[in-house]
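J.: Given next are the chains, with one letter for each unit.
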Amino acid sequence: MTTHVTPPQRRKFLFIILGGVGAAFTALAVWPVWRYLLPREKTGEDAKIPIAKADIPLGKAHFFSFRGQPAVVLQPAPGQFVAFSAVCTHLGCIIQWQPGKGECLCPCHAGRFGTDGQVLGGPPPKPLDSLPATVEGDQVLVG
Amino acid sequence: MNWKKQVIDFIETRLGIRDILEQNLTKYLLPRNINAWYTLGAVLLTLFMIQFATGILLLIYYVPNPAEAFQSVERIMNEVPFGWLMRTLHAVGANIIIIALLLHMLSVMFMASYKRPRELTWLSGFIILNLAFALCLTGYLLPWSQLSFWATTVATDAAGAIPLIGDDLVRFLRGGSMVNEATLGRFFALHVMGMPLMLGLLIGFHLFCVRRAGISRAPFGPDYQPREHPDHFEHEEHHDGIPFFPNYVIKDTAVICFFLAFFLAIVFFAPNLFFPESAFEPADPFVTPPGIKPEWYFLWAYQALKIFPSEIIGLGVQGAFMTFLALLPFIDRGAERRPFKRPLFLTCYALGILLFVGISIWGHYS
Ligand code: HEM
Ligand code: FES
Numbered sequence: 000m001t002t003h004v005t006p007p008q009r010r011k012f013l014f015i016i017l018g019g020v021g022a023a024f025t026a027l028a029v030w031p032v033w034r035y036l037l038p039r040e041k042t043g044e045d046a047k048i049p050i051a052k053a054d055i056p057l058g059k060a061h062f063f064s065f066r067g068q069p070a071v072v073l074q075p076a077p078g079q080f081v082a083f084s085a086v087c088t089h090l091g092c093i094i095q096w097q098p099g100k101g102e103c104l105c106p107c108h109a110g111r112f113g114t115d116g117q118v119l120g121g122p123p124p125k126p127l128d129s130l131p132a133t134v135e136g137d138q139v140l141v142g
Numbered sequence: 000m001n002w003k004k005q006v007i008d009f010i011e012t013r014l015g016i017r018d019i020l021e022q023n024l025t026k027y028l029l030p031r032n033i034n035a036w037y038t039l040g041a042v043l044l045t046l047f048m049i050q051f052a053t054g055i056l057l058l059i060y061y062v063p064n065p066a067e068a069f070q071s072v073e074r075i076m077n078e079v080p081f082g083w084l085m086r087t088l089h090a091v092g093a094n095i096i097i098i099a100l101l102l103h104m105l106s107v108m109f110m111a112s113y114k115r116p117r118e119l120t121w122l123s124g125f126i127i128l129n130l131a132f133a134l135c136l137t138g139y140l141l142p143w144s145q146l147s148f149w150a151t152t153v154a155t156d157a158a159g160a161i162p163l164i165g166d167d168l169v170r171f172l173r174g175g176s177m178v179n180e181a182t183l184g185r186f187f188a189l190h191v192m193g194m195p196l197m198l199g200l201l202i203g204f205h206l207f208c209v210r211r212a213g214i215s216r217a218p219f220g221p222d223y224q225p226r227e228h229p230d231h232f233e234h235e236e237h238h239d240g241i242p243f244f245p246n247y248v249i250k251d252t253a254v255i256c257f258f259l260a261f262f263l264a265i266v267f268f269a270p271n272l273f274f275p276e277s278a279f280e281p282a283d284p285f286v287t288p289p290g291i292k293p294e295w296y297f298l299w300a301y302q303a304l305k306i307f308p309s310e311i312i313g314l315g316v317q318g319a320f321m322t323f324l325a326l327l328p329f330i331d332r333g334a335e336r337r338p339f340k341r342p343l344f345l346t347c348y349a350l351g352i353l354l355f356v357g358i359s360i361w362g363h364y365s
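Residue numbers (numbering that gives the first Met the number 0), protein chains in the order written: chain A, 0 to 142; chain B, 0 to 365.
Not one of these hints is a red herring.
Just the calculated beta-carbon pair ranges, DEER-fashion: (1) A/Arg9 - B/Arg13: 27 to 37 Å; (2) B/Ala253 - A/Phe14: 13 to 23 Å; (3) B/Gln22 - A/Ala22: 28 to 38 Å; (4) B/Ala253 - A/Ala22: 13 to 23 Å; (5) A/Gln8 - B/Glu11: 23 to 33 Å; (6) A/Phe62 - B/Asp156: 50 to 60 Å; (7) A/Phe62 - B/Ile59: 27 to 37 Å; (8) A/Pro106 - B/Lys4: 48 to 58 Å.
Straight-line Cα separation of at most 20 Å, SDA-like style, residue types lysine to any residue; simulated pairs: (9) A/Lys47 - A/Asp137; (10) B/Lys26 - B/Pro245; (11) B/Lys250 - A/Arg10; (12) B/Lys340 - B/Met108; (13) A/Lys47 - A/Phe65; (14) B/Lys250 - A/Ile16; (15) A/Lys100 - A/Pro77; (16) B/Lys250 - B/Phe47; (17) B/Lys292 - B/Ile98; (18) B/Lys292 - B/Glu276; (19) B/Lys250 - A/Gly18; (20) B/Lys26 - B/Val209; (21) B/Lys250 - A/Leu17; (22) B/Lys292 - B/Ala133; (23) B/Lys26 - B/Glu236; (24) A/Lys11 - B/Phe244; (25) A/Lys11 - B/Asn246; (26) B/Lys305 - B/Leu354; (27) A/Lys11 - B/Val248; (28) A/Lys59 - A/Ile93; (29) B/Lys250 - B/Tyr27; (30) A/Lys11 - B/Ile249; (31) B/Lys250 - A/Gly21; (32) B/Lys250 - A/Phe24; (33) B/Lys250 - B/Leu206; (34) A/Lys125 - A/Ile93; (35) B/Lys250 - A/Phe14; (36) A/Lys11 - B/Pro245; (37) B/Lys250 - B/Trp36; (38) B/Lys3 - A/Phe14.
The set of hints was computed from the structure by calculation and includes no laboratory data. By construction, the Cβ of each residue, glycine as well, lies at the ideal position given by its N, Cα and C atoms.
Build out the structure end to end from the sequences listed, making use of the hints.
T.: In structure tokens, the structure reads:
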């Protein structure tokens with residue numbers, strides 16, 4: 000028995016085969032590039048950040064980098080340490096500490112936050128992300 | 000599927016892409032006796048694209064600063080996912096490009112395609128070859144390894160043999176009396192911006208020349224007849240030819256795949272083929288490692304400098320040879336292109352290749 004294959008059938012067959020091989024090779028090439036470009040997790044990512052108590056006097060703020068993001072630690076009352084993200088929940092500006100007023104101000108659209116991170120006024124929709132802070136010896140451990 | 004047709008029609012009505020495609024694919028006719036050597040240009044385009052892509056990717060993690068360059072390359076190799084792949088592709092790719100460039104040059108030379116009206120195609124190609132050499136030289140310094148540092152020291156030092164301006168030229172190339180931070184700065188700028196830009200423009204010009212003059216008929220077979228090119232512009236037509244698409248595109252693709260297979264075989268199975276020991280130690284300006292040799296494609300020049308009694312004669316001979324090659328189409332002007340009807344040319348060609356290979360091997364073992 001002879002099977003007859005018409006040119007359009009041949010064309011379709013070749014198209015599918017070549018398309019498949021092409022797609023497979025493209026995927027093989029794209030995968031390494033994608034992995035290469037993905038942001039890389041830093042090792043020690045979940046480690047706690049130690050900050051010397053001496054750096055955080057009463058009523059003052061200390062800004063530091065927490066897992067790649069700006070954060071702040073405060074001592075609102077003697078011996079009480081609180082830490083939260085310094086990224087404003089409105090549009091992502093970095094908040095500032097106002098020692099005179101005892102509150103945080105976002106310079107972009109005047110969002111105001113209390114020492115517990117709660118919104119006191121302005122556009123921010125929710126409180127600052129708070130970070131666990133524990134005292135150990137003469138250090139405050141954040142994380 | 001109607002929207003697809005609409006988009007295509009929209010573009011077609013405005014830009015007439017179909018016509019351009021037709022003129023350059025199915026209605027673009029190539030000489031009937033075209034052979035596989037004519038695929039090397041397409042191979043080179045592919046290799047250069049890979050080199051561009053991997054180069055840009057390397058730039059993401061590479062730090063062009065003597066204090067950090069070596070570490071940053073180590074990080075690419077050992078920590079960044081697939082960083083080893085990108086770097087090995089880039090470093091091995093440079094060598095494969097040189098191989099393809101040399102083959103391309105030798106094949107168009109053998110078939111005397113450089114002759115009138117294709118002098119400018121040859122000249123632009125020759126400049127591209129030299130630019131590729133310069134890219135390799137500048138790229139070689141970037142990892143800031145012992146190999147980088149000392150190979151660059153030796154290579155830039157050779158310019159010192161030129162009378163009168165030699166010392167100033169060396170200082171200018173290095174941006175100081177020794178290879179240092181300033182050298183890395185200028186080599187980096189040239190390697191990632193200056194020379195790739197020039198290369199892109201030159202490749203564009205080269206392709207324009209090729210397309211405008213038309214592909215040359217291979218000077219083989221009973222039907223081939225040499226002919227004088229007229230005094231005015233004339234595109235070489237091949238009315239009885241084969242279409243570029245799909246006939247020749249298939250051949251291009253096949254040879255590209257062959258080169259990629261060869262390329263990837265080295266990348267995966269012999270990644271250190273082109274990396275000697277000293278490539279794995281950070282640069283130390285106070286310790287010259289023993290037996291620093293240039294890369295294989297510079298061995299001939301390295302050895303030629305040693306053969307002659309004085310460096311200046313060596314440099315002069317090299318310069319004369321390169322100038323001769325650059326101007327070849329203006330020197331060799333007969334209409335005959337069939338290699339076997341040009342005994343003098345054929346002898347020089349064969350001896351030239353033997354000499355290049357011989358001197359390179361000598362340089363390797365000396
Ligand atoms: C846009 C184009 C290019 C960019 C952005 C680029 C970028 C880079 C970078 C960042 C490095 C340093 C990292 C490393 O050493 O692996 C490098 C190295 C290198 N590049 Fe390029 N490059 C380009 C084109 C080329 C071309 C066309 C060639 C040769 C024909 C070339 C040859 C080399 C060589 C030989 C090295 C040294 C490899 C080594 O020893 O590791 N590059 N390039
Ligand atoms: S970004 Fe902070 S108030 Fe708008």
